[in-house]
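> The sequence shown finishes on residue 357 if you use the numbering used here, and the numbering steps up by one all the way, no holes.
Incorrect hints may appear among the rest.
[Unchecked claim] Using 25 Å as the maximum straight-line C-alpha spacing, the simulated PhoX-like pairs for lysine-lysine come out as follows: (1) K322 - K288; (2) K310 - K288; (3) K109 - K91; (4) K152 - K139; (5) K351 - K268.
[Claimed, not checked] Restraint-style ranges between C-beta atoms, simulated for each label pair: (6) N89 - E348: 41 to 47 Å; (7) L275 - R250: 15 to 21 Å; (8) K288 - H138: 38 to 44 Å.
Source of the hints: derived by calculation from the structure; they are not laboratory data.
For each residue, glycine too, the CB sits at the ideal point set by N, CA and C.
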Amino acid sequence: MRFRLLGLVVKEDRIIKVYNRIYKSVFNSSWVEKELGKLRPYAESFQAWVNSDYQDESRLLRGQALQDALHWANEKNLSNQDARYLGASQELEKAELAAALATQEEEGRILAQANEELRQSQHKSELANQTLKQAQKKSRRMIRFGAGFLIVTIALAIVATTVIQIQSKNTLIARLEETATILLRVPKEFLSIESLSDGIRTAREWKNLVKNNYPISSPTSNLQNVLLNIRERNRLEAHEDLVYSVAFSPDGKTLASGSLDNTIKLWDIGSSKLLTTLSAHQDSVYSVAFSPDGKTLASGSGDNTIKLWNLDLDDLLAKGCEYLQEYLMTREEERKELCPRE
16 MRFRLLGLVV KEDRIIKVYN RIYKSVFNSS WVEKELGKLR PYAESFQAWV
66 NSDYQDESRL LRGQALQDAL HWANEKNLSN QDARYLGASQ ELEKAELAAA
116 LATQEEEGRI LAQANEELRQ SQHKSELANQ TLKQAQKKSR RMIRFGAGFL
166 IVTIALAIVA TTVIQIQSKN TLIARLEETA TILLRVPKEF LSIESLSDGI
216 RTAREWKNLV KNNYPISSPT SNLQNVLLNI RERNRLEAHE DLVYSVAFSP
266 DGKTLASGSL DNTIKLWDIG SSKLLTTLSA HQDSVYSVAF SPDGKTLASG
316 SGDNTIKLWN LDLDDLLAKG CEYLQEYLMT REEERKELCP RE
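Working from the sequences, and respecting the hints, build out all of it.
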C-alpha cells in the first residue's frame, strides 16, 4: 500500500506491477524469483529437482508434505516451474498408489487360485474316501469267496487312498509355500492387517499339516517378516471419501478425522468406535486440530470457513439448559429430567 501511494507500483488485474522504471530495474524477475524461493515451503527439494533437469523423482513431494504444499499454493499465482513441480508430485503419488493397488489385486487373484486348487484337492480326498467305503462294502460281500481275496482288495484300496492323500498333502504344501512366497514379496510399506491375517492363516494351516515336525519354511519366514515390518495397528472405516486430515486429542483418547465427504468424525482410540459425526461444512474438510485443553476442535474446509466445535459436554448441557430456561418454566417434570438443579 505504501509503494502504491508513492507511485512506485500500480495494481492491474489484481496483479501488482512496478511503475517506476528505476525500481523495475532493481526489483526485476530474478529478484522476485529469488525472494519467492525463500517463501516456498518446499524450496530445497524444488531447487534440487530443477537442478536435476526435472528428472530426480526422489525430490518430488509425497503424502503430507505434498498436501501442505498444495494448501500453500492455493489461490497463488505460481510460476510455470512451481506448477510443473506440484503437478509432477501429484502424478507420482497417483502412480505409486496405482502400483500398490495393482500389487494387492494380483495378490488376491493368486490367493483365490490357490484356494481353488485346495478345494479341488479336498474334493479328490473325498472321492478317495468314497472309494475306500465302496471297497470295504464290496469286501464284506466277498468274504464268502475267501479271506485272501478280501485282504488283497482292502490292501489295494488302502494303497489307493494313501497315494491320493499324499498327493493332496503335497498339493496343499505347494499351495501354502506359494502363498507364503507371494506375501514375502509384498514391499514392507504395503504390509497391512490383511497381510498379517493371511500370514497367520497360512502359518496355522502349515502347522496343522506337518504337526510338530516342521522345518524353517516359507510360511514361518512370511509370518516373521510381517510381524517385523507391519506398521498398521487398526483400521477405522466410516468416511465415504478420502480422509484428508487427522488429529489426536491432547489426552490421546480421541481421534478426529476430516474428509472430502464434508464431515468430521470423532473416534474413541481405546475401542476404535465412532463417537459422533460433525457435518456442518459445505465442502471438503482439509484440516482438523484440537485445542491444548482438548475441549475445542477447529476445522478448516474448502467452503472457505473455519469452524470451532465445543467438545465439553458439561458446557454444552449448561448452554442448552440456559437456552430452554423460559420454555421449561411451565414444564417442571420435563425440567427435572433435562436440566435438574445441582
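> Of all the hints given earlier, name the ones this structure violates by number, lowest first.
Hints 5, 6 contradicted; others consistent.
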